[in-house]
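K.L.:
Sequence:
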Amino acid sequence: MTRSIRTMVRKDEFVTATRATGVVAAVAAVGLATAACGSDDATAPDATQSTGAATATSATGSAGGSGEYKSGTYSATGHYVSPGGPQEIGVTVTLDNATITKVDLDRSHTRGTSAEFQAKFASGINSEVVGKNIDDLDVHKVSGSSLTSGGFNDAIAQIKSKARA
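All the letters of the sequence shown, read from the start, carry residue numbers 28 to 192 under this note's numbering.
Be a bit skeptical, because a hint or two may be false.
Listed next, with one range per pair, are the computed distances between beta-carbon atoms [said to hold, decoys possible]:
hint	residue 1	residue 2	range
1	V108	S170	31 to 37 angstroms
2	H136	D162	27 to 33 angstroms
3	G112	D162	27 to 33 angstroms
4	P110	S188	27 to 33 angstroms
5	H136	S173	15 to 21 angstroms
No more than 25 angstroms apart at the CA atoms, straight line, and that leaves these computed lysine-lysine pairs for DSS-like [claimed, not checked]:
hint	residue 1	residue 2
6	K159	K189
7	K168	K147
8	K189	K129
Treat the hints as calculated values from the structure; they're not laboratory data. Bear in mind the structure is a predicted one, so any value in this text is a computation, not a measurement. The C-beta atom is built at its ideal place from N, Cα and C for all residues, glycine as well.
When you get a sec, could you build the whole thing from the sequences and use the hints?
P.N.:
Structural data, given as C-alpha coordinates:
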(Lines of atoms letter the chains of each structure in order from A and count residues from 1; the text may use other names and numbers.)
(Lines give C-alpha, C1' and ligand atoms only; values in the text may rest on other atoms or scores of the structure.)
Protein backbone atom coordinates (compact mmCIF):
# COMPACT_ATOMS: atom_id res chain seq x y z
CA MET A 1 0.00 0.00 0.00
CA THR A 2 2.79 2.41 0.87
CA ARG A 3 4.53 1.67 -2.41
CA SER A 4 1.40 2.37 -4.48
CA ILE A 5 0.86 5.68 -2.65
CA ARG A 6 4.46 6.67 -3.42
CA THR A 7 3.96 5.70 -7.05
CA MET A 8 0.79 7.78 -7.21
CA VAL A 9 2.56 10.74 -5.62
CA ARG A 10 5.48 10.44 -8.04
CA LYS A 11 3.10 10.21 -11.02
CA ASP A 12 1.19 13.21 -9.73
CA GLU A 13 4.44 15.16 -9.28
CA PHE A 14 5.46 14.16 -12.81
CA VAL A 15 2.11 15.30 -14.22
CA THR A 16 2.33 18.55 -12.27
CA ALA A 17 5.91 19.14 -13.43
CA THR A 18 4.92 18.33 -17.01
CA ARG A 19 2.00 20.74 -16.82
CA ALA A 20 4.23 23.45 -15.33
CA THR A 21 6.76 22.94 -18.11
CA GLY A 22 3.96 23.19 -20.68
CA VAL A 23 2.71 26.43 -19.13
CA VAL A 24 6.23 27.91 -19.15
CA ALA A 25 6.66 26.91 -22.80
CA ALA A 26 3.29 28.42 -23.71
CA VAL A 27 4.12 31.69 -21.95
CA ALA A 28 7.50 31.81 -23.71
CA ALA A 29 5.84 31.19 -27.08
CA VAL A 30 3.32 33.97 -26.47
CA GLY A 31 6.16 36.29 -25.44
CA LEU A 32 8.11 35.50 -28.61
CA ALA A 33 5.03 35.96 -30.77
CA THR A 34 4.30 39.29 -29.12
CA ALA A 35 7.90 40.40 -29.61
CA ALA A 36 7.78 39.36 -33.26
CA CYS A 37 4.60 41.37 -33.78
CA GLY A 38 6.28 44.39 -32.21
CA SER A 39 9.46 44.05 -34.22
CA ASP A 40 10.03 45.99 -37.36
CA ASP A 41 12.01 46.18 -40.52
CA ALA A 42 11.09 42.79 -42.01
CA THR A 43 11.73 42.75 -45.72
CA ALA A 44 9.16 41.97 -48.37
CA PRO A 45 9.51 42.57 -52.11
CA ASP A 46 8.55 45.81 -53.88
CA ALA A 47 7.61 49.24 -52.43
CA THR A 48 10.95 51.03 -52.75
CA GLN A 49 10.98 54.52 -51.25
CA SER A 50 13.65 57.21 -51.32
CA THR A 51 14.20 60.59 -49.74
CA GLY A 52 16.49 61.60 -52.57
CA ALA A 53 19.45 62.10 -50.22
CA ALA A 54 22.93 61.31 -51.47
CA THR A 55 24.12 57.73 -51.05
CA ALA A 56 27.80 58.56 -51.26
CA THR A 57 29.95 57.98 -48.23
CA SER A 58 32.18 60.95 -48.93
CA ALA A 59 32.64 63.96 -46.71
CA THR A 60 32.86 67.58 -47.76
CA GLY A 61 33.93 69.21 -44.53
CA SER A 62 35.39 72.67 -44.22
CA ALA A 63 37.97 73.44 -41.57
CA GLY A 64 36.16 76.48 -40.15
CA GLY A 65 34.84 74.83 -36.99
CA SER A 66 36.24 75.48 -33.56
CA GLY A 67 34.83 72.27 -32.03
CA GLU A 68 36.04 68.70 -32.01
CA TYR A 69 34.46 68.16 -35.44
CA LYS A 70 34.96 70.00 -38.72
CA SER A 71 31.87 71.80 -39.97
CA GLY A 72 30.51 70.40 -43.22
CA THR A 73 28.26 67.81 -44.78
CA TYR A 74 29.06 64.14 -44.25
CA SER A 75 27.47 60.96 -45.59
CA ALA A 76 27.68 57.30 -44.66
CA THR A 77 25.71 54.11 -45.15
CA GLY A 78 24.66 52.34 -41.98
CA HIS A 79 23.99 48.62 -41.87
CA TYR A 80 21.68 46.61 -39.63
CA VAL A 81 19.85 43.29 -39.63
CA SER A 82 16.07 42.95 -39.60
CA PRO A 83 13.98 39.77 -39.49
CA GLY A 84 13.99 40.01 -43.29
CA GLY A 85 17.79 40.04 -43.50
CA PRO A 86 20.53 42.65 -43.89
CA GLN A 87 19.39 46.24 -44.46
CA GLU A 88 21.06 49.58 -45.03
CA ILE A 89 20.17 53.22 -44.69
CA GLY A 90 22.06 56.19 -46.06
CA VAL A 91 22.56 59.10 -43.67
CA THR A 92 23.75 62.60 -44.58
CA VAL A 93 24.23 65.17 -41.83
CA THR A 94 25.38 68.75 -41.88
CA LEU A 95 27.51 69.75 -38.90
CA ASP A 96 28.24 73.18 -37.51
CA ASN A 97 31.18 72.29 -35.27
CA ALA A 98 29.63 69.34 -33.43
CA THR A 99 25.98 70.40 -33.79
CA ILE A 100 23.76 68.69 -36.35
CA THR A 101 21.94 71.33 -38.39
CA LYS A 102 20.41 69.04 -41.01
CA VAL A 103 19.82 65.33 -41.58
CA ASP A 104 18.73 63.49 -44.73
CA LEU A 105 18.11 59.78 -45.18
CA ASP A 106 18.48 57.65 -48.29
CA ARG A 107 16.08 54.71 -48.13
CA SER A 108 16.31 53.79 -51.82
CA HIS A 109 17.87 50.35 -51.30
CA THR A 110 15.21 49.08 -48.90
CA ARG A 111 11.99 47.32 -49.82
CA GLY A 112 8.75 46.08 -48.30
CA THR A 113 8.12 46.36 -44.59
CA SER A 114 11.62 47.69 -43.93
CA ALA A 115 10.88 50.59 -46.28
CA GLU A 116 7.72 51.32 -44.30
CA PHE A 117 9.61 51.37 -41.01
CA GLN A 118 12.39 53.49 -42.48
CA ALA A 119 9.73 55.95 -43.69
CA LYS A 120 8.35 56.14 -40.13
CA PHE A 121 11.88 56.60 -38.82
CA ALA A 122 12.54 59.37 -41.36
CA SER A 123 9.36 61.19 -40.33
CA GLY A 124 10.60 61.56 -36.74
CA ILE A 125 14.38 61.69 -36.92
CA ASN A 126 14.72 65.47 -37.41
CA SER A 127 13.19 66.23 -34.02
CA GLU A 128 15.52 63.68 -32.42
CA VAL A 129 18.84 64.95 -33.80
CA VAL A 130 18.70 68.43 -35.38
CA GLY A 131 20.15 71.03 -33.01
CA LYS A 132 21.92 68.40 -30.90
CA ASN A 133 25.60 67.69 -30.41
CA ILE A 134 26.61 64.63 -32.43
CA ASP A 135 28.25 63.15 -29.31
CA ASP A 136 25.00 63.47 -27.34
CA LEU A 137 22.87 61.42 -29.76
CA ASP A 138 21.05 58.50 -28.18
CA VAL A 139 18.77 57.26 -30.96
CA HIS A 140 16.84 54.07 -30.27
CA LYS A 141 13.20 53.91 -31.32
CA VAL A 142 11.85 56.66 -33.57
CA SER A 143 8.18 56.80 -34.62
CA GLY A 144 7.72 53.09 -33.90
CA SER A 145 10.83 51.93 -35.73
CA SER A 146 13.47 50.43 -33.48
CA LEU A 147 15.76 48.41 -35.75
CA THR A 148 16.41 51.23 -38.22
CA SER A 149 18.16 53.12 -35.43
CA GLY A 150 20.90 50.49 -35.49
CA GLY A 151 21.74 51.41 -39.08
CA PHE A 152 21.41 55.12 -38.30
CA ASN A 153 23.78 54.83 -35.32
CA ASP A 154 26.24 52.84 -37.47
CA ALA A 155 26.25 55.65 -40.05
CA ILE A 156 26.65 58.31 -37.34
CA ALA A 157 29.71 56.47 -35.96
CA GLN A 158 31.26 56.52 -39.45
CA ILE A 159 30.41 60.20 -39.87
CA LYS A 160 31.99 61.06 -36.51
CA SER A 161 35.23 59.41 -37.65
CA LYS A 162 35.22 61.38 -40.90
CA ALA A 163 34.42 64.71 -39.25
CA ARG A 164 36.99 64.63 -36.45
CA ALA A 165 39.10 67.79 -36.51
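K.L.:
Could you run down the list of hints and mark each one as holding or not?
P.N.:
Taking the hints in turn, this is what the structure says about them:
Between V108 and S170 the CB atoms are about 20 angstroms apart, so this pair departs from the stated range of 31 to 37 angstroms. Roughly 28 angstroms separates the CB atoms of H136 and D162, a value that falls within the hinted 27 to 33 angstroms. With their beta carbons about 31 angstroms apart, G112 and D162 fall inside the hinted range of 27 to 33 angstroms. The beta-carbon spacing between P110 and S188, approximately 29 angstroms, falls within the hinted interval of 27 to 33 angstroms.
Restraint check, H136 to S173: a C-beta distance of roughly 20 angstroms satisfies the suggested window 15 to 21 angstroms. Taking the CA atoms of K159 and K189, the gap is near 18 angstroms; set against the 25 angstroms cutoff, the hint holds. Simply put, K168 and K147 have alpha-carbon atoms about 10 angstroms apart, close enough for the 25 angstroms limit, and the pair holds. A hinted pair counts as satisfied when its Cα atoms are at most 25 angstroms apart, and K189 with K129 qualifies at roughly 17 angstroms.
Consistency with the previously given hints fails for number 1 only.
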